[in-house]
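Student: Protein chains in written order, with our numbering: chain C, 6 to 425; chain B, 33 to 181.
There may be inaccurate statements among the hints.
Unchecked claim - DEER-style ranges, computed between Cβ atoms:
#, chain 1, residue 1, chain 2, residue 2, range
1, B, E111, C, A269, 30 to 36 Å
2, C, S50, B, W129, 47 to 53 Å
3, B, P147, C, T249, 53 to 59 Å
4, B, P147, C, R333, 50 to 56 Å
5, B, D62, C, D166, 33 to 39 Å
Said to hold, decoys possible - Interface residues of chain B toward chain C, partial, derived using beta-carbon atoms under 10 Å:
#, residue
6, C154
7, Y158
8, E160
9, C164
Stated by the list, open to error - One-sided excerpt, in silico: chain C residues whose CB lies under 10 Å from chain B:
#, residue
10, G317
11, A321
12, N358
13, D364
14, A388
15, P393
16, L422
It should be emphasised that the hints constitute simulated quantities derived from the structure, not laboratory data. Every residue, glycine too, gets a C-beta built ideally from N, C-alpha and C.
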Amino acid sequence: MTAACAALALGEAPPYDVEAVRADFPILHRPVRGRPLVYLDTAASAQKPGEVIEAEASFYAADYANIHRGLYVLSQRASERYDEARRRVRRFLNARSEHEIVFTRGATDAINLVAASFGEAFLTEGDEVLISGLEHHANIVPWQLQRARRGVVLKVAPVNDAGEVPLEGFLSLLGPRTRLVALAQVSNALGTVLPVAEMTRAAHAAGAVVLIDGAQAVAHLGVDVRALDCDFFVFSGHKLYGPTGVGVLYGKETLLDAMPPYQAGGGMIASVSFERTTFAPLPDKFEAGTPPIAQAVGLGAAIDYVTRLGIGRIRAHETALLGYATARLSEIGSLSILGTTAEKASVLSFVMNGAHPHDIAQVLDSRGVAVRAGHHCAQPVMARFGVPATVRASLGLYSTQGEVDALVEGLAGAEALLLP
Amino acid sequence: MSGSLDLRDLYQGAILDHGRHPRNRRPTADCSHRGHAENPLCGDEVSVGLAVDGGVIRGAAFDGQACAIATASASLMTEILVGRTPAQAKGLFEWLWTVTKGGPETESSEMEAEPRLAALSCLRRYPERVQCATLAWQAMLAALDNPGP
Numbered sequence: 006m007t008a009a010c011a012a013l014a015l016g017e018a019p020p021y022d023v024e025a026v027r028a029d030f031p032i033l034h035r036p037v038r039g040r041p042l043v044y045l046d047t048a049a050s051a052q053k054p055g056e057v058i059e060a061e062a063s064f065y066a067a068d069y070a071n072i073h074r075g076l077y078v079l080s081q082r083a084s085e086r087y088d089e090a091r092r093r094v095r096r097f098l099n100a101r102s103e104h105e106i107v108f109t110r111g112a113t114d115a116i117n118l119v120a121a122s123f124g125e126a127f128l129t130e131g132d133e134v135l136i137s138g139l140e141h142h143a144n145i146v147p148w149q150l151q152r153a154r155r156g157v158v159l160k161v162a163p164v165n166d167a168g169e170v171p172l173e174g175f176l177s178l179l180g181p182r183t184r185l186v187a188l189a190q191v192s193n194a195l196g197t198v199l200p201v202a203e204m205t206r207a208a209h210a211a212g213a214v215v216l217i218d219g220a221q222a223v224a225h226l227g228v229d230v231r232a233l234d235c236d237f238f239v240f241s242g243h244k245l246y247g248p249t250g251v252g253v254l255y256g257k258e259t260l261l262d263a264m265p266p267y268q269a270g271g272g273m274i275a276s277v278s279f280e281r282t283t284f285a286p287l288p289d290k291f292e293a294g295t296p297p298i299a300q301a302v303g304l305g306a307a308i309d310y311v312t313r314l315g316i317g318r319i320r321a322h323e324t325a326l327l328g329y330a331t332a333r334l335s336e337i338g339s340l341s342i343l344g345t346t347a348e349k350a351s352v353l354s355f356v357m358n359g360a361h362p363h364d365i366a367q368v369l370d371s372r373g374v375a376v377r378a379g380h381h382c383a384q385p386v387m388a389r390f391g392v393p394a395t396v397r398a399s400l401g402l403y404s405t406q407g408e409v410d411a412l413v414e415g416l417a418g419a420e421a422l423l424l425p
Numbered sequence: 033m034s035g036s037l038d039l040r041d042l043y044q045g046a047i048l049d050h051g052r053h054p055r056n057r058r059p060t061a062d063c064s065h066r067g068h069a070e071n072p073l074c075g076d077e078v079s080v081g082l083a084v085d086g087g088v089i090r091g092a093a094f095d096g097q098a099c100a101i102a103t104a105s106a107s108l109m110t111e112i113l114v115g116r117t118p119a120q121a122k123g124l125f126e127w128l129w130t131v132t133k134g135g136p137e138t139e140s141s142e143m144e145a146e147p148r149l150a151a152l153s154c155l156r157r158y159p160e161r162v163q164c165a166t167l168a169w170q171a172m173l174a175a176l177d178n179p180g181p
């Protein structure tokens with residue numbers, strides 16, 4: 006048990022001790038370019054606490070074998086660990102049943118699964134899919150493929166100058182042909198938190214099925230899929246302080262049951278002959294091939310970690326820090342923040358008048374400050390704000406005021422070097 | 033690249049000068065050959081126009097939205113290309129690509145005769161910026177293949 010979590014186990018409600026949390030993350034103690042690492046790219050991928058790394062490593066060292074098909078003890082142990090990881094995901098999302106939790110390669114894989122499989126079962130020419138103007142490419146392109154293959158119509162709810170998706174605009178696009186609504190809970194490019202609960206209610210009232218892309222949400226907001234009442238919810242393990250290569254599709258059982266398999270192969274069948282194959286029940290029907298077993302085990306450890314810290318306390322820490330960072334960045338005259346709504350999580354996206362985001366990121370890197378510069382796989386968001394790219398600093402449960410200060414100092418250095 | 037990094041060698045001298053005050057940056061509509069390139073990683077885009085006459089590049093211009101490295105490389109390119117043949121221009125692109133990918137720096141009589149190429153060769157320490165450094169050059173290759181009406 007780590008120091009940060011030991012206090013919690015005593016039943017106290019201690020203040021959030023970010024230094025104790027940082028002690029849990031080995032990489033945060035490795036210097037970069039001779040300076041302490043300032044990692045402000047958690048929205049792209051979160052760093053891993055030691056217990057996640059250890060869970061995956063010790064699984065390989067002690068319990069590893071392929072799952073489900075072995076009659077020997079290791080295969081049984083591995084299967085049990087994999088099933089236990091699924092149970093942790095179910096509890097974390099408050100899903101009704103383990104049958105509703107499908108392990109995927111990540112959020113992108115999960116959205117593609119829904120687009121292909123739900124599309125095959127339920128989408129026909131002229132049906133409408135409604136997304137928002139804040140979506141990641143992963144929640145745009147799969148629907149464009151459905152448009153090309155099935156003649157589905159893609160509608161996009163507009164974004165206002167504050168980086169919000171106003172309800173009026175969204176509601177006006179819900180219609181009798183809307184079959185599916187697919188929305189990011191948190192924008193990866195701007196950090197905007199969308200009112201997905203209200204949007205889900207409205208979409209259901211219009212008879213549409215709702216997919217929530219929770220990739221940017223799970224590490225920052227509490228998620229309860231039954232309270233939200235969404236039909237699908239997807240996220241990636243690596244953005245939740247877990248391993249790469251594993252993600253989750255939550256889907257309501259009735260829907261998943263009605264959908265055809267996505268990929269075909271071993272593990273997803275009940276029986277196969279050359280004449281006829283019957284498919285395995287949920288969730289195996291959607292898990293063809295050997296799944297990311299060790300990564301799922303690591304994801305289970307990551308869920309334990311953030312659950313013990315408390316997602317509410319993490320949210321409070323990050324919200325206070327985001328407010329501090331917003332205030333500090335606002336002091337820099339050449340800098341403009343994109344996404345100015347009060348409802349934000351983790352992300353600060355900005356441009357500097359007279360300096361290109363790539364050059365700014367290069368200067369920050371020379372000071373050991375890791376940020377992302379580019380379009381963040383959200384080119385329509387860049388187009389909406391008339392910029393080719395932004396600098397994005399994103400916060401996690403281990404981020405500190407001192408790191409925000411290092412960012413601000415680095416930006417002053419970038420101004421001195423790059424501005425005429 | 034390892035240890036602490038002094039950015040002054042990147043954002044200094046010719047690179048910084050051409051990044052801040054790019055030469056031959058103007059609309060390319062009236063050029064005989066025009067090409068365009070985009071960096072899919074960041075959305076930067078550059079258009080390049082060439083005036084080719086009698087098998088020789090007589091003039092070059094560029095336009096677009098790009099970072100300081102891409103802008104400086106474009107600006108330097110528009111000066112370097114003048115008086116060279118399309119074949120020589122393609123050869124210089126190959127050289128720059130190899131150098132900025134961090135490949136072996138080949139001794140070249142071109143470099144000795146052309147200090148502006150030496151300025152670009154400092155980009156070899158930043159292989160992650162290869163797309164930036166060669167963006168305008170890719171547009172230039174497209175332009176050579178796209179003579180106007």
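Student: Could you run down the list of hints and mark each one as holding or not?
Tutor: Hint by hint, here is what the structure shows:
no., hint, verdict
1, E111/B / A269/C: 30 to 36 Å, "58 Å, violated"
2, S50/C / W129/B: 47 to 53 Å, "29 Å, violated"
3, P147/B / T249/C: 53 to 59 Å, "45 Å, violated"
4, P147/B / R333/C: 50 to 56 Å, "42 Å, violated"
5, D62/B / D166/C: 33 to 39 Å, "37 Å, holds"
6, C154, "13 Å, violated"
7, Y158, "8 Å, holds"
8, E160, "9 Å, holds"
9, C164, "6 Å, holds"
10, G317, "36 Å, violated"
11, A321, "34 Å, violated"
12, N358, "14 Å, violated"
13, D364, "5 Å, holds"
14, A388, "9 Å, holds"
15, P393, "4 Å, holds"
16, L422, "5 Å, holds"
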